[in-house]
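**Q** One letter stands for each residue in the lines below.
There are 2 protein chains.
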Amino acid sequence: MAQLYLIRHGIAAERTEYTNDVDRPLTQIGREKTTKVAQRLKAIGVNFEVILTSPLVRARQTAEIFQQVGLSNIVEVFQPLAPGGDIQTWVNWWLNSPYNTENSHLALVGHQPDLGNWTEILVWGNSQDKLIVKKAGIIGVTLPENTKPIGGSELFLLTAPKWFIKS
Amino acid sequence: MAQLYLIRHGIAAERTEYTNDVDRPLTQIGREKTTKVAQRLKAIGVNFEVILTSPLVRARQTAEIFQQVGLSNIVEVFQPLAPGGDIQTWVNWWLNSPYNTENSHLALVGHQPDLGNWTEILVWGNSQDKLIVKKAGIIGVTLPENTKPIGGSELFLLTAPKWFIKS
Chain A
32 MAQLYLIRHG IAAERTEYTN DVDRPLTQIG REKTTKVAQR LKAIGVNFEV
82 ILTSPLVRAR QTAEIFQQVG LSNIVEVFQP LAPGGDIQTW VNWWLNSPYN
132 TENSHLALVG HQPDLGNWTE ILVWGNSQDK LIVKKAGIIG VTLPENTKPI
182 GGSELFLLTA PKWFIKS
Chain B
32 MAQLYLIRHG IAAERTEYTN DVDRPLTQIG REKTTKVAQR LKAIGVNFEV
82 ILTSPLVRAR QTAEIFQQVG LSNIVEVFQP LAPGGDIQTW VNWWLNSPYN
132 TENSHLALVG HQPDLGNWTE ILVWGNSQDK LIVKKAGIIG VTLPENTKPI
182 GGSELFLLTA PKWFIKS
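From first to last, the protein sequence lines are chains A and B. Each step along the first sequence adds one to the number in my numbering, with nothing skipped, and position 16 is 47. Each step along the second sequence adds one to the number in my numbering, with nothing skipped, and position 93 is 124.
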């Protein structure tokens, strides 16, 4: 069964410091905490065939940290992961993806509330915005085989860095 | 906001070894893994005003380990946490409980699929059996203030021991 990890970007610079929200980078603390999360995933033995990331700087930097730690060789910008993106676009990508194999692991790096909403749609078929997803937090979903993922997935992980790394 | 932790009992002896399912104790590995989970919660700073446990031996032993580690001074057997128990009984207890205060933390120790179903009912109002809850796994839910918890709660944690402890 394929496993999908939805990862929220780390702590980023304040909006007041940047004219364009899309340009906000991770802070030093954001980089450090994100690195610890990535290292812990690596230590547990997780490996991603591919990491798709939102085009925004704070998400791309998060995905790059995951790549640098050795969690994946491939990072691709995926436009629908930008804030407000449509999950159906990702589902269409997945159903035709070369990564859609029995035991594949893949990661999406993006934003709230979208990642929580996408998760609820995958698992329960609709979203009520009921998942609390912290920065550098991780959601884990198993995708069904031989059927469409919306409403057919299951939730196996939801964690903030607080629970996941030893700070 | 009050926080409710739903904790599944640890790994227990096989059904074939015991005439009555209710008597199955934790195995040695089950005790060790459960202790590590409890110690990790303690190290993070969690403390429960009360732990309610299913009357079954494997759940009571799990709750006792949590108490021994110092996570709570009070463990009470709560009959509706036995397999197939009705969440409404717990809701009624909670709404009239002295523990129902603004920032209280409490834990329920019980069984699958009930704990996952109770969580879905608290958060989304109904259950589709979509949460994967491993033995000694933890679910974390925030309960709403001044309103009934069913359909008004939020999910902030779902983790198997694999993600939570360093084995």
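Hints listed in this document are in silico derivations from the structure and should not be mistaken for laboratory results. In this text, all values refer to a predicted model and were calculated from it rather than measured experimentally. Incorrect hints may have been included.
Okay, derived cross-link-like pairs now, SDA-like style, lysine to any residue, Cα gap no bigger than 20 Å in a straight line [unchecked claim]:
no.: 1; chain 1: B; residue 1: Lys73; chain 2: A; residue 2: Trp124
no.: 2; chain 1: B; residue 1: Lys193; chain 2: A; residue 2: Met32
no.: 3; chain 1: A; residue 1: Lys73; chain 2: A; residue 2: Ile152
no.: 4; chain 1: A; residue 1: Lys197; chain 2: B; residue 2: Gly76
no.: 5; chain 1: A; residue 1: Lys197; chain 2: B; residue 2: Thr132
no.: 6; chain 1: A; residue 1: Lys165; chain 2: B; residue 2: Gln34
no.: 7; chain 1: B; residue 1: Lys197; chain 2: A; residue 2: Gly76
Here are a few chain A residues that sit away from chain B, every Cβ distance over 10 Å (derived from the structure) [as the list claims (entries may be wrong)]:
no.: 8; residue: Asp52
no.: 9; residue: Lys67
no.: 10; residue: Val81
no.: 11; residue: Gln110
no.: 12; residue: Asp117
no.: 13; residue: Thr120
no.: 14; residue: Asn148
no.: 15; residue: Ile152
no.: 16; residue: Gln159
no.: 17; residue: Thr173
no.: 18; residue: Thr178
no.: 19; residue: Ile181
no.: 20; residue: Ser184
no.: 21; residue: Glu185
no.: 22; residue: Thr190
no.: 23; residue: Ala191
For glycine and all other residues, C-beta sits at the position ideal for the given N, C-alpha and C.
**Q** Does each hint fit the structure? Answer for all of them.
**A** Against the structure, the hints come out as follows:
{"no.": "1", "hint": "B:Lys73 with A:Trp124", "in the structure": "violated, 43 Å"}
{"no.": "2", "hint": "B:Lys193 with A:Met32", "in the structure": "holds, 18 Å"}
{"no.": "3", "hint": "A:Lys73 with A:Ile152", "in the structure": "violated, 28 Å"}
{"no.": "4", "hint": "A:Lys197 with B:Gly76", "in the structure": "holds, 12 Å"}
{"no.": "5", "hint": "A:Lys197 with B:Thr132", "in the structure": "violated, 29 Å"}
{"no.": "6", "hint": "A:Lys165 with B:Gln34", "in the structure": "holds, 16 Å"}
{"no.": "7", "hint": "B:Lys197 with A:Gly76", "in the structure": "holds, 12 Å"}
{"no.": "8", "hint": "Asp52", "in the structure": "holds, 25 Å"}
{"no.": "9", "hint": "Lys67", "in the structure": "holds, 13 Å"}
{"no.": "10", "hint": "Val81", "in the structure": "holds, 21 Å"}
{"no.": "11", "hint": "Gln110", "in the structure": "holds, 28 Å"}
{"no.": "12", "hint": "Asp117", "in the structure": "holds, 22 Å"}
{"no.": "13", "hint": "Thr120", "in the structure": "holds, 23 Å"}
{"no.": "14", "hint": "Asn148", "in the structure": "holds, 13 Å"}
{"no.": "15", "hint": "Ile152", "in the structure": "holds, 12 Å"}
{"no.": "16", "hint": "Gln159", "in the structure": "violated, 6 Å"}
{"no.": "17", "hint": "Thr173", "in the structure": "violated, 7 Å"}
{"no.": "18", "hint": "Thr178", "in the structure": "holds, 14 Å"}
{"no.": "19", "hint": "Ile181", "in the structure": "holds, 12 Å"}
{"no.": "20", "hint": "Ser184", "in the structure": "violated, 8 Å"}
{"no.": "21", "hint": "Glu185", "in the structure": "violated, 5 Å"}
{"no.": "22", "hint": "Thr190", "in the structure": "violated, 5 Å"}
{"no.": "23", "hint": "Ala191", "in the structure": "violated, 7 Å"}
When held up to the earlier numbered hints, the structure conflicts with 1, 3, 5, 16, 17, 20, 21, 22, 23 and fits the remainder.
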